[in-house]
Structure formats: structure tokens, C-alpha cells
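Assemble the complex: chain V is given as a structure, and chain X must be docked to it using the hints.
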Amino acid sequence: MIEAFFNIEIMKAAWPIVLTGLWNTILLSLIVVPLGLLGGLILALLASIKNPLVRWPLMAWVDFFRAFPPLVLLVLLFAGLPFAGLELGGFACVAIAFFLNTGSYYGEIFRAGIDSVPVGQVEAARSTGLTRMQAMRYVVLPQAVRNVMPDLLSNTLEVVKLTSLGSVVAVPELLYEARQAQSITYNPTPIVMAAVIYFLLLWPLVRLLSRLENRALAGRR
Amino acid sequence: MATNHIVDARAIHKHFGTLHVLKGVDLKVDERELVFIIGPSGSGKSTLLRCLNRLEEPSSGSIVVDGIDMLDAKTDINHARRRIGMVFQSFNLYPHMTALGNVTLALRKVAGKGRAEAEALGRVALERVGLADRAEHTPGQLSGGQQQRVAIARSIALEPRVMLFDEPTSALDPELVGSVLEVMRGLRESGMTMIVVSHEMGFARNAADRVVFMDDGLIVEQGPPAAIFENPTHERTRAFIGQIQRH
Chain V
8 MIEAFFNIEI MKAAWPIVLT GLWNTILLSL IVVPLGLLGG LILALLASIK
58 NPLVRWPLMA WVDFFRAFPP LVLLVLLFAG LPFAGLELGG FACVAIAFFL
108 NTGSYYGEIF RAGIDSVPVG QVEAARSTGL TRMQAMRYVV LPQAVRNVMP
158 DLLSNTLEVV KLTSLGSVVA VPELLYEARQ AQSITYNPTP IVMAAVIYFL
208 LLWPLVRLLS RLENRALAGR R
Chain X
363 MATNHIVDAR AIHKHFGTLH VLKGVDLKVD ERELVFIIGP SGSGKSTLLR
413 CLNRLEEPSS GSIVVDGIDM LDAKTDINHA RRRIGMVFQS FNLYPHMTAL
463 GNVTLALRKV AGKGRAEAEA LGRVALERVG LADRAEHTPG QLSGGQQQRV
513 AIARSIALEP RVMLFDEPTS ALDPELVGSV LEVMRGLRES GMTMIVVSHE
563 MGFARNAADR VVFMDDGLIV EQGPPAAIFE NPTHERTRAF IGQIQRH
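Protein chains in written order, with the numbering used here: chain V, 8 to 228; chain X, 363 to 609.
For the record, the hints were derived by calculation from the structure and aren't laboratory data. Every residue gets a Cβ at the ideal spot worked out from N, C-alpha and C, and that includes glycine. Be aware that a few hints might be false.
[What the hints assert, rightly or not] Some residues of chain X that are not near chain V, with every Cβ distance over 10 angstroms (derived):
{"id": "1", "residue": "Thr380"}
{"id": "2", "residue": "Gly423"}
{"id": "3", "residue": "Lys436"}
{"id": "4", "residue": "Leu455"}
{"id": "5", "residue": "Glu481"}
{"id": "6", "residue": "Thr500"}
{"id": "7", "residue": "Ser505"}
{"id": "8", "residue": "Glu529"}
{"id": "9", "residue": "Asp571"}
{"id": "10", "residue": "His596"}
[Unchecked claim] Label pairs and their calculated CB-CB ranges:
{"id": "11", "chain 1": "X", "residue 1": "Asp392", "chain 2": "V", "residue 2": "Phe71", "range": "57 to 67 angstroms"}
{"id": "12", "chain 1": "V", "residue 1": "Leu164", "chain 2": "X", "residue 2": "Asn440", "range": "21 to 31 angstroms"}
{"id": "13", "chain 1": "X", "residue 1": "Ile439", "chain 2": "V", "residue 2": "Leu53", "range": "21 to 31 angstroms"}
{"id": "14", "chain 1": "X", "residue 1": "Ile439", "chain 2": "V", "residue 2": "Leu219", "range": "32 to 42 angstroms"}
{"id": "15", "chain 1": "X", "residue 1": "Lys436", "chain 2": "V", "residue 2": "Ala74", "range": "44 to 54 angstroms"}
{"id": "16", "chain 1": "V", "residue 1": "Gly127", "chain 2": "X", "residue 2": "Gly379", "range": "19 to 29 angstroms"}
{"id": "17", "chain 1": "V", "residue 1": "Leu164", "chain 2": "X", "residue 2": "Asp438", "range": "20 to 30 angstroms"}
{"id": "18", "chain 1": "X", "residue 1": "Arg372", "chain 2": "V", "residue 2": "Leu53", "range": "21 to 31 angstroms"}
{"id": "19", "chain 1": "V", "residue 1": "Leu53", "chain 2": "X", "residue 2": "Asp438", "range": "17 to 27 angstroms"}
For reference, chain V alone in the conformation it holds in the complex:
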């Protein structure tokens, strides 16, 4: 049992490979999370324009990408686009798929946050001469983000986990590298290493999330 899953020799041998994977996972997250946040923010700001010509296409967009499984989207981009003469590579495909998928989720969270800010806040801001955009930027968004911070963090947690999908399109992130090491050594220990690293990477975020959620509950009482 220990030989199979916690083999010290294999750990030593696989360590450099797994470490490369970890850096790539971190790098991928650092690209994909801000990209998703940015996409979400743009969607939410567009949604705050109460114009049916903007609103309906936007809702269709968000619904479509929330209903579309991210793995299918990723494979479609990776395997399909070359037939349209566009070869993007795994990394770019992950970035685009995540921008579309998680951007829609982040967008819904930002939208809920913007809706949670009382109308009186905008009225007060506008009555002092601030433009719509200024009121949004200085008055509404700071409150909106604070109100939905637990949801933003929770979604971010999901996004970091989802980066393991990159392994399907040969992006050398943590899971991909661990599987490489496993196939070289004929031993599942590298996978166990990856699992432990994922846990250590995400657990602080989970703790932080719990604290934020408790604080939000306490604030409501």
C-alpha cells in the first residue's frame, strides 16, 4: 500500500516534474482568474444598462456559457478551431474557454452585487454631479464587490480547480505533469502528490472563505 501510494523514492524522482506542474497551475490561475474577473465585470456593467437591445443578447450570452460544460468548450476550441484554420495551442484555448465560461459566472456575481446596492446611493452621487460611470466606479462598485466577496472567492476556488482541465489539451499544469510522472514510473504516487499540493494550495482559500461567510452571517444578525 505505502509502496504504491506514498513511495518515497518515486516522490524524490517525480518532485521536479510535479513542481513544474505546480508553477504552471499557479501561472494558469494568475492568467485565468483576472481574465474571468475582467470579463465578468464587463458583462455586469453592460447589464446595468437597462436597454433591451443590450440586455437580451447579454442574457443569452451568459446563459449559453453557463449551460455549456467548460470541458466540452475547451475540447471544442482545441480540436475544432484548427479546422477553421486557427491553431491556438492548449494554453490559449484554456484562457479563452475560461474567459467565456467563468467570465459568465463572475458576471452574474458582480451583477448581484451591483443590484444589492440601494438606488439611493446612485441618486446621492448623481445629485452631486457625478456621471453614471463615476457613480458606478466610486460609489456602487466598491460596495458591490464587498457585498459579494464570499461569492467571488468561492468562484475563484472553483476556477483554480478547473485549471486541471488544461491537462486534457496538454497544458503542462499540475495534474498533467503528475500523470506524466505516473506513466514514467508506473506508480500512482505522483498523483497523490498532486492531490496533496492541490489541497495545500486551496485550503487557505477555503478557510478564508469560511471566515468571510461567517462574518457575513454575523453582519446580517
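Only chain X this time, still in chain V's reference frame:
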């Protein structure tokens, strides 16, 4: 349009869907005048006030404030609003900023002052409402009366030509009302033009130049406070005054 009134609203109509909230209201206000608008809830008094700075879009009519045609599409509404302060029933302070931050935001972003100058002006405004020592407090750390005074400071810091008050004391505990009225009295004495929607009859009686009674989307009658309170000509005014004085 030649006018010697600082506020000149004519034939204001406002529809909300099928609801006809304002049915042709004229309101002219002189410089340095304090006009009190009273009336039962749903009479349209708050809507009228909110039309004056175009927080509410009138369905028809004309509004000129300090020589600026508020309903002209060519008017820079954000620029025009700087000259019209507004104080709300629920204060609407920005909870994520300090009192000073609340007061300086428009000074910096609208009036284009630098941080140092904005903060100096902001502190002067807070001083005027008696809250110089609360500059670094957030709204959550202030009482309702103090919050409303910060809201007043936020408006006066921009040196408005007119101030609109929409039930400024209705959300306050009775013991906190006095401090807000005190600040309003000070503004009055400094010569500020003020339009106040409120039920503070005692304040109206000794501070207002004119009381306007509205009912069902129309101005029923108006005149000096003594005339409206002691000798209302219309039955509806009499009934309303009788009602609130019984409280």
C-alpha cells in the same frame, strides 16, 4: 428666458405608467427664499422636488434653475446638478467612505479639486454642520442626526445655489431632529435658497417664507406660514393641517 426667480418650474406633469402623479405644477422660488412643501403622502411633493434636479424625468413642462434650462437636451446635467444640493430622507451616505470622503468625492471628481484642497474645503463644510471632529468616522459610526448633517455638508461643500430637502428628518429619532433643524436654520441665516419637503410644522412656522400645500398632484394653496396654518382657505388644507396638528 427672462426670469428673476432662481427656480422657475412651469406646468410640470409626471406620469408613472398609468399613475398621474403631478398634474401641472408651477413653482417659482426667489433667491434666499425658504419654501416649505407640505401635503399628504402620495400628493406628489417628493416627486416635484426630484424633478427639479431631474432625478425624476418630468413627462412635460419646463424647469429653469439659476438660468439653466434643466430639461434641454443640450444642458450638461451633471454640471447643472452641482448647483443644486439635495438631502434625502435616508441620508444616502456612502458607507465605505469616511465622513470626509463622502464630502470630498464630488469636490474631487466633479469640481476637479486636488486632494489637499478638497479636504480643506470638506473640513470647512463639516465644521459648518458641527462635525469637524467626526471627519474620519464612517457613517456606521455616526448617529442618524450626525449622518444627515454629513449629508448636508456633502451638498454645501459644492456651494450650491439651491438646496432641496426631501423629508430630511423623517427617518430620525425625535431627539436627533433638533440638531439637523439647527443646521438648516444656520443655512437659512446664511442666505441659502431652500426648498423643503417636510412635516416639521414648528420649523416651517418660524423659518419658512412660504408654505405650499400640495394634494393629489396639484398645488392647492400657498402663502406665508401664518396664513396657511391659521387661516387656510381650502377645505383640503384645513383638513390636513388639522390632522397633523392633532399629533
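Given a hint of 21 to 31 angstroms, does the C-beta separation of isoleucine 439 of chain X and leucine 53 of chain V actually sit inside it? holds (23 angstroms)
Do lysine 436 of chain X and alanine 74 of chain V keep their Cβ atoms within the hinted range of 44 to 54 angstroms? holds (46 angstroms)
Given the hint of 19 to 29 angstroms, is the C-beta distance from glycine 127 of chain V to glycine 379 of chain X inside that range or not? holds (22 angstroms)
Pairwise beta carbon distance, leucine 53 of chain V to aspartate 438 of chain X, judged against the given window 17 to 27 angstroms: holds (25 angstroms)
Lying within 32 to 42 angstroms: is that true of the beta-carbon distance isoleucine 439 of chain X to leucine 219 of chain V? Given about 39 angstroms between the Cβ atoms, the range holds.
Consistency of beta-carbon spacing, phenylalanine 71 of chain V to aspartate 392 of chain X, with hint 57 to 67 angstroms: holds (59 angstroms)
Decide, holds or violated, for the assertion that all CB atoms of chain V are farther than 10 angstroms from the CB of glutamate 481 of chain X. Non-interface label stands for glutamate 481 of chain X: nearest chain V Cβ at 16 angstroms, farther than 10 angstroms.
Classify the label on threonine 380 of chain X as holds or violated, using whether its beta-carbon is more than 10 angstroms from each beta-carbon of chain V. Check passes; 20 angstroms lies beyond 10 angstroms.
Test the statement that aspartate 571 of chain X is away from the interface with chain V: the closest C-beta pair must be farther apart than 10 angstroms. Holds, since 24 angstroms exceeds 10 angstroms.
Range hint compliance [Cβ, arginine 372 of chain X to leucine 53 of chain V, 21 to 31 angstroms]: violated (38 angstroms)
20 to 30 angstroms as the expected CB spacing between aspartate 438 of chain X and leucine 164 of chain V, which holds or is violated: Distance hint for leucine 164 of chain V, aspartate 438 of chain X is violated at roughly 46 angstroms.
Verdict on histidine 596 of chain X as a residue remote from chain V, using beta-carbon distances over 10 angstroms: With a cut-off of 10 angstroms, histidine 596 of chain X remains clear of chain V, as the shortest Cβ separation is near 33 angstroms.
When held up to the earlier numbered hints, the structure conflicts with 4, 12, 17 and 18 and fits the remainder.
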